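The listed protein sequences correspond, in order, to chains A and B. Numbering that gives the first Met the number 0 numbers the first residue of the first sequence as 0 and each following residue consecutively. Numbering that gives the first Met the number 0 numbers the first residue of the second sequence as 0 and each following residue consecutively.
Treat the hints as calculated values from the structure; they're not laboratory data. Keep in mind the model is a prediction, meaning the values are calculated, not measured. It cannot be assumed that every hint is accurate.
Here are the simulated lysine-lysine pairs, DSS-like style, with alpha carbons at most 27 Å apart [said to hold, decoys possible]:
(1) K206/A x K157/B
(2) K526/A x K30/A
(3) K180/B x K204/A
(4) K30/A x K133/B
(5) K49/A x K44/B
(6) K133/B x K180/A
(7) K739/A x K180/B
(8) K162/B x K208/A
(9) K665/A x K44/B
(10) K102/B x K440/A
Residues on chain B that point at chain A, a partial pick, calculated with CB under 10 Å [said to hold, decoys possible]:
(11) T9
(12) I12
(13) D23
All C-beta atoms in this analysis are idealised placements derived from N, C-alpha and C, irrespective of residue type, glycine included.
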Amino acid sequence: MENQENKANDGDIKIVRTASTFDCGGRCPLKLHIKEGKIIRVEGDDYGHKDEQLRTCLRCRALRQYVYHPERLKYPLKRDGPKGSGNFKRVSWDKALTEIAEKLKEVKKKYGNSSIFLVTGGAYQGAYHDGVFAMIRLLTQFGGYSTHYGNVSSEGAVYATQTQYTSPFVGHSRTDLLNSKLIIMWGWDPARMISGTDTIFNLIKAKEKGIKIICIDPRYTDSAVVLADQWIPIIPGTDTAMMVAMAYIIIDENLHDQEFLDKYTVGFEKFKEYVLGIEDGISKTPEWAEKITSVPAETIANLAREYATTKPSALMDCQGPARSAVGELYNRCAMTLTAITGNVGKHGGSAAGGLMGIPYGHMFFASRIPPPYRNPVETGLKSVRGSLDLQLRFQARCHTNKIFDAILKGKEGGYSFDVKFAWFVNNNFLNQLGNANKSAKALKKLDYMVVADLWLTPTARYADIILPVTSIAEKSDLVRPWPSGPYFIYANQVIEPVGECKSDLRIAEELADKLELEEFEKYPDEKKALRFLIKLREDTRKNIRNIDKFRQDGIHRLELEKPYVAFKEQIQDIENNPFNTPSGKIEIFSQRIADLNNPENPPIPKYMERWEGRYDPLNKRYPIQLISPHPKNRVHSELYLVEWLKEVEPHVAWVNPVDAEARGIKDGDEILVFNDRGKLTIRAWLTERIIPGVICIFEGTWYDPDENGVDRGGCVNTLTKDAYSPGGASALNSCLVDFKKFKGGA
Amino acid sequence: MQIGFYFDQTRCIGCSACVVACKDWNDIPAGPENWMRIIYNEEGKFPNVFVSYIINPCFHCKDPVCIPVCPVNAITKREEDGIVIVDSDKCIGNEECDTKCLKACPYDAPQFGHEKGAKMRKCNFCLDRYLEGKLPVCIESCRTRALDAGILEDLESKYGNIKNADNFTYSQRTKPAIIFKSKNK
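With the sequences and hints as input, model every part of the structure.
Below, the structure written as structure tokens:
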């Protein structure tokens, strides 16, 4: 204890600049205070005026507890009990890597390289030390590996933007929100899901400028609390019905921008025929949509008129509603609305498309050491270039949300490989993909599994060998933002590695020795390697003249003359700057999709009923829709054990009092949420902020089944399905459940 | 002189960055001792819902009622800036005096750890930072810039003189040093 007045003012504190590197949608400069080699405090950005700063969120404010958490892995571990038991014993690096190398050689010889499965995720990202790239390089040079396709977060949006624009860079600089006259936030909660470090503050500034903001969401989100002039609650999975009905009003009342449509798009007529009911005899009126969405027809019609007549308007469709069986159709409908109203390529407008990224300083362009040649397991396949045929992606891969199904079933289940050895890096997929109970079953059956991680995650519990990885504080690297920017970050090493932790790159380099892969190129000098990587990419080479200053500042900000606007060049001069699509225009109708001849994947965006939504017959048995948005105090399942974060928001399920009363449940009661895939327990939080018939459980708490198979960790993926939409979206938000008061047992 | 806080309630998303930053800067373990808290309020019926947040540090009241109730005079108000501080060495702990300061405070600012005999600690306006000319860490950690701090008079001339906010009542008895932009229902 101390007298607060006499707190010693230490002079021997050193400041080191690093950054957040979680899979969070933010990239925030951090100033860490170091005393006697230990991090003692975290400060955020100190650049210029406070309104210009890239302020970090609560997650990295707790970085110290993350780095020094007593449960961080410090030594290599070897399994010492049944898979999943969590019993491990400490082994030396030499022993661990020797065993892994022997196993790899054995599997390669006995079953071939396709039996080696590389399972990659997006956690703790980097460039030089990046685990995914290190392992891709190593296993490519070892003769190849099998892997998976499709990112869990945003594959619906990826497919949608590839269809209509054939470009993933559909975003604007966040400051461009202030040029808007109306902002529609659809399924978007950047107060929790960061969507770019500067996003929430620019939205607040837009609101304070008098720009009207409308939020459409099953929940009255934290963002809506401060931003929404109007909240329109909607039944999950029915967003496309509302969008199509908005198009109906806009077309019916002749509010569409025909000139824009003629000049920049193809296929509007076909979409119009569908909307007006010429195609199928059903007019997609607001009254039609009201029955599906529960949104009053008048609300839909008014929003349609307001959106079509207020210019420019920014329709911001986030990725959550597309993380469902509806998938890509959601983002495609939104993009079509932006075209109908001529809001694409204009300041204050929006091209929609969910991804929200800009092509400056983006993570997609991260400078990494590439493998010297293609993965030998994937050579000689049919090219996927330019194609929207998802099946081509699965010539040698499985879908990401089918990783565990592929492990379970292999070639007999129609997959292109049988897994005999799996390397999990940068992920906790047992926890974060659909159907965790099935995933656990698959991992129990898996022959051999290596996990590189900072934590003994629910996934790592099934490993044969766990390799402990350094945090960003323990290495230097280059990191980049993705949904917004533009800036580059140089993260400086802050402390010595905790325990015997190594970076994924070093692990790959040491394993290369054990595998006698002499051609595997090493980059032992970190400082030199980072200099090399800065020069390797054009954008950093051109912009960063003084590398020492970059290192010192920890960040290099790019100044754009005007806020970046997606497709501005195309709209200004389509003759010379066509879109990347085959037609050179925005493809509301996609011939590439029409050619696939799959009725579930229509060439024009539509409302389609899909499985495990409100109108699935299964609803009779499981009448509640489960949605699983991003948590505010973790990044997915990362940071889960950090106490400072845990205590700011207990893990609770949002339940509307109407649904609670029908089940005799009171606020704070422990409930059992269940379906055929699993059961979990969680406390009910009764709130008017969620539409009746829907329960919300934030994803990312750790799977923890008890002796009855009930997940006491409340991991939402115990209930979700390992399935994907026709465009490849992981359909985690299409999930039917019921719940009741938990009375113990099963 | 009197320091104070400004809180723009219309900007607060309840994210708790200030809560965590406070714990990190002041090195407070996870647990019941929270020098900064956020109080949630929800009213109305679906779909007409109203939600607000209030920050709850120590408001460094002009007439702090915690001071006279302390049996050992461990709490003082600094003359030069009005920051209310506690000498935890003097404090006799939560068991012996039964948390008289906490009971007297209308805002629950005095904080105790969960251990028996825990001594009182609380928000000290980040005195160490203040003496270096820096704002409290909660201010600098706020992503939506909902918070400001400084000399109360200066804050009043900059932001006005609104003393009440949703879910917050100005105590005439203690005179908390905070002004608001309040969120209206």
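Against the structure, the hints come out as follows:
no.: 1; hint: K206/A x K157/B; in the structure: holds, 21 Å
no.: 2; hint: K526/A x K30/A; in the structure: holds, 20 Å
no.: 3; hint: K180/B x K204/A; in the structure: holds, 15 Å
no.: 4; hint: K30/A x K133/B; in the structure: holds, 15 Å
no.: 5; hint: K49/A x K44/B; in the structure: violated, 37 Å
no.: 6; hint: K133/B x K180/A; in the structure: violated, 38 Å
no.: 7; hint: K739/A x K180/B; in the structure: violated, 42 Å
no.: 8; hint: K162/B x K208/A; in the structure: holds, 25 Å
no.: 9; hint: K665/A x K44/B; in the structure: holds, 16 Å
no.: 10; hint: K102/B x K440/A; in the structure: violated, 54 Å
no.: 11; hint: T9; in the structure: holds, 7 Å
no.: 12; hint: I12; in the structure: holds, 4 Å
no.: 13; hint: D23; in the structure: holds, 5 Å
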